[in-house]
Amino acid sequence: MAKLVILGAGIAGHTAALHARRKLGREHEIIVIAPNSKWNWIPSNIWVGVGWMKPEQVTFELAPVYKKQHITFKQARAVSIHPQGDSSHAQPFVSIEYTLPGKAGQTEQVAYDYLINATGPKLNFAATEGLGPEKNSLSVCTYGHAEQTAGILKEHIERMKKGEHLKFVVGTGHGMCTCQGAAFEYIFNLEFELQKAGVRDKATITWLSNEVELGDFGIGGMLLKRGGYITHSRIFAESLFTERGLDWITQAHVTKVEKNRTHYELLNGETGTIEHDFAMLLPPFSGVGLKAFDKEGTDITSDLFAANGFMKVDADYTPKPYDQWKPSDWPKTYQNPLYKNIFAVGIAFAPPHGISKPMKNPNGTPINPTPPRTGMPSGVMGRIVAYSIVDLIKSRNKPLREASMANMGAACIASAGAGLFNGSGVSMTMYPIIPDFDKYPETGRDIKYTTGEIGLAGHWIKHALHYAFIYKAKALPLWMAVPE
Amino acid sequence: MVKRNPYEQNYYPPVPTKLTRWSRVSLLWQSFRFIVLNIKILRMVRKH
Ligand SMILES: Cc1cc2nc3c(=O)[nH]c(=O)nc-3n(C[C@H](O)[C@H](O)[C@H](O)COP(=O)(O)OP(=O)(O)OC[C@H]3O[C@@H](n4cnc5c(N)ncnc54)[C@H](O)[C@@H]3O)c2cc1C
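As given, the protein sequences belong to chains A and B, one line each in that order. So in this note's numbering, spot 23 of the first sequence is number 50, and the numbers just go up one at a time. So in this note's numbering, spot 28 of the second sequence is number 29, and the numbers just go up one at a time.
If we strip away everything but chain B, and leave its shape as in the complex, we get:
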């Protein structure tokens, strides 16, 4: 939980919701992202 200070630096940026934060550590979702990211990186590498 981020404590925001109105009109200060940390007041303006978006912060992740609970669901987003959970998805970042969910083993199932992250295993899927691991595969997707590796494919993306390999596609990038293959361009050279």
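Isolated chain A (complex conformation):
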């Protein structure tokens, strides 16, 4: 009998738990540890953030699903990993602190044979002065943040209906942010909602981001076929911004957010200030701050985790300049090199380096997106790591399963306005996620699988995916037929 412990019940962790349960008999125990009682389909938080959906439509309670699946659920936060056990425990374990009402603050040590770290990101609002929903800007990263943002948007729409002209800023709140796609979706949904409310002419909307150019998305952009040319996603994005009357400021590191004003410095060293009545700025991500200790209680956090708090896996972490980056630097099995029974998936694994080129301004401030790890790859990693662990538990003499982002495609459907007949979405596919200019010298990616288009069909797909992934996450009949 083996014990698999999974930290985190997001896209990666929850997918891993369901697949492991499907493949492992009941004699093996699966334990999921996560601080929230609810599962959240995060991509639809965008729609909560404009008031088109309610939090109840993007969440559900995890406990009943896990009960039905015979998975033990501990509503708690992992605090530290003890991969060698300690003086009184021979087996490795994780220290957790309960968040479950009634048990909040209680601690426990949970032993494991195999551990999957799928704790996702810490939303590091503290990296920028004044950033975040508790201070001077808004967010859609959690359903709670998104609901608050929708409420404030509603008040602003009322003010505009009364004749006020308001300024909106949407983008990234730090030079090292990732997840530009989410902010991109938000700015277009915001614009669409203002159109619907009949107040678009009363709003100035500006994009403020750390991308070197629009359409970078933290993946160095994409080259794709459009209208008889192979063209960069920058052209595609600029066209969309122009069409919707949105201004943009790129290459920006936000240094401070005040109530109605954001300060930033640019890649060329210049500084600027933008006034606003409403600012939705994403935070940079870091690891959630797990610690690690050896048998004697010595802190070995830096053995398991990179400086940004994400867990080291089978990537090549040798520091090297951009022109020496290789697709093979990216991890394949997500196994920790020191402790072979520990894996990290989704946002929790430490990438070897960025995908977008690292840049610094004359003051030495780094301004470039860090690499995104979106839903589809996170789910795929969750599944293949679950399968690898199942193989190990069943002593199958098989190599670990592989799913490198350098050998994996992604489909990203970015909503650009929600409506059954008048909505739209940007449908992007790319293969591989990590560009490979040795293999595809002209385009970095396979042009057959790297595409982008905008239209109502994109909205339909995004809406269908919302229902399909919630169905799957609830583990309803034939859930496994819905691919990651």
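Keep in mind the hints are simulated off the structure, nothing from the lab. Please read these numbers as outputs of a predicted model, since none were measured by experiment. Positions of the beta carbon are idealized from the N, C-alpha and C atoms, including for glycine. Mixed in with the good hints, there may be bad ones.
Stretches of chain A that chain B covers, calculated by requiring three or more beta carbons in the stretch to come under 8 Å of a beta carbon on chain B [what the hints assert, rightly or not]:
| hint | segment |
| --- | --- |
| 1 | 434 to 446 |
| 2 | 452 to 458 |
Taking beta-carbon pairs under 8 Å as the criterion, some of the chain A residues facing chain B (in silico) [to be verified]:
| hint | residue |
| --- | --- |
| 3 | E240 |
| 4 | H259 |
| 5 | I262 |
| 6 | S266 |
| 7 | E270 |
| 8 | G272 |
| 9 | N449 |
| 10 | Y476 |
| 11 | T478 |
| 12 | I481 |
| 13 | G482 |
| 14 | L483 |
| 15 | A484 |
| 16 | W487 |
| 17 | P510 |
Below 20 Å or equal to it, Euclidean Cα-Cα: the simulated EDC-like pairs (lysine to aspartate or glutamate) are [said to hold, decoys possible]:
| hint | chain 1 | residue 1 | chain 2 | residue 2 |
| --- | --- | --- | --- | --- |
| 18 | A | K384 | A | E469 |
| 19 | A | K223 | A | E270 |
| 20 | A | K223 | A | E240 |
| 21 | A | K353 | A | D326 |
| 22 | A | K286 | A | E161 |
| 23 | B | K41 | A | E480 |
| 24 | A | K229 | A | D274 |
| 25 | A | K425 | A | D341 |
| 26 | B | K48 | A | D463 |
| 27 | B | K48 | A | E429 |
| 28 | A | K229 | A | E191 |
| 29 | B | K48 | A | D473 |
| 30 | A | K162 | A | E174 |
| 31 | A | K353 | A | D473 |
| 32 | A | K194 | A | E182 |
| 33 | A | K353 | A | E429 |
| 34 | B | K4 | A | D228 |
| 35 | A | K318 | A | D140 |
| 36 | A | K283 | A | E156 |
| 37 | B | K4 | A | E270 |
| 38 | A | K359 | A | D418 |
| 39 | B | K19 | A | E156 |
| 40 | B | K41 | A | D473 |
Position chain B with the ligand relative to chain A; hints supplied.
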């Protein structure tokens, strides 16, 4: 209709023609694109 300001940011990018904008909301064309896009996504998913 986009008002372009010469020599400013929005002067340079391509903007869609009326036909392109119509095709983005045409139920017939978008139903077809829905099928095509789903096939593309499924082909992508099957690679892993
Ligand atoms: C607003 C927004 C929109 C997005 N839209 C899209 C989209 O359209 N398409 C797309 O592909 N991707 C999208 N993404 C990205 C996508 O949400 C992430 O790729 C995905 O959630 C990553 O999955 P994950 O499991 O690694 O992390 P998460 O989903 O964040 O899950 C992390 C889990 O770990 C738990 N946890 C945190 N700390 C601890 C701890 N100490 N101990 C135990 N558990 C812990 C959390 O509670 C959570 O359950 C979006 C992201 C945002 C913020």
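Results of checking the hints against the structure:
1. 434 to 446: holds (count 4)
2. 452 to 458: Contact hint for the segment 452 to 458 of chain A vs chain B: holds, 3 residues under 8 Å.
3. E240: The hint is violated - A:E240 has no Cβ within 8 Å of chain B, the shortest such distance being about 12 Å.
4. H259: violated (12 Å)
5. I262: Since the shortest Cβ distance to chain B is 7 Å, the answer is holds.
6. S266: holds (5 Å)
7. E270: holds (5 Å)
8. G272: holds (7 Å)
9. N449: holds (7 Å)
10. Y476: With a minimum Cβ separation of about 6 Å from chain B (threshold 8 Å), the hint on A:Y476 holds.
11. T478: holds (7 Å)
12. I481: holds (6 Å)
13. G482: holds (4 Å)
14. L483: With Cβ-Cβ at 4 Å, under 8 Å, it holds.
15. A484: holds (4 Å)
16. W487: Cβ of A:W487 sits 6 Å from chain B, so the hint holds.
17. P510: holds (4 Å)
18. A:K384 - A:E469: holds (18 Å)
19. A:K223 - A:E270: Given that 20 Å is the threshold and the Cα spacing comes to 16 Å, the pair holds.
20. A:K223 - A:E240: The hint is violated at about 29 Å.
21. A:K353 - A:D326: With a Cα-Cα distance of about 32 Å, the restraint between A:K353 and A:D326 is violated, given a limit of 20 Å.
22. A:K286 - A:E161: Answer holds: A:K286 to A:E161 is near 11 Å, not above 20 Å.
23. B:K41 - A:E480: Distance ~12 Å between B:K41 and A:E480 Cα, so the pair holds.
24. A:K229 - A:D274: Roughly 15 Å separates the two Cα atoms, so the pair holds.
25. A:K425 - A:D341: holds (17 Å)
26. B:K48 - A:D463: holds (17 Å)
27. B:K48 - A:E429: holds (12 Å)
28. A:K229 - A:E191: Between A:K229 and A:E191 the Cα gap is close to 7 Å, so the pair holds against 20 Å.
29. B:K48 - A:D473: holds (13 Å)
30. A:K162 - A:E174: holds (16 Å)
31. A:K353 - A:D473: Holds, at roughly 16 Å.
32. A:K194 - A:E182: holds (14 Å)
33. A:K353 - A:E429: holds (17 Å)
34. B:K4 - A:D228: Within the cut-off at roughly 13 Å; holds.
35. A:K318 - A:D140: Distance ~19 Å between A:K318 and A:D140 Cα, so the pair holds.
36. A:K283 - A:E156: The given pair, whose Cα atoms are some 5 Å apart, holds under the 20 Å limit.
37. B:K4 - A:E270: holds (9 Å)
38. A:K359 - A:D418: Holds - the C-alpha atoms of A:D418 and A:K359 are around 16 Å apart, at most 20 Å.
39. B:K19 - A:E156: At roughly 45 Å apart (the allowed maximum being 20 Å), A:E156 and B:K19 break the hint.
40. B:K41 - A:D473: With Cα atoms ~13 Å apart, B:K41 and A:D473 stay inside 20 Å; holds.
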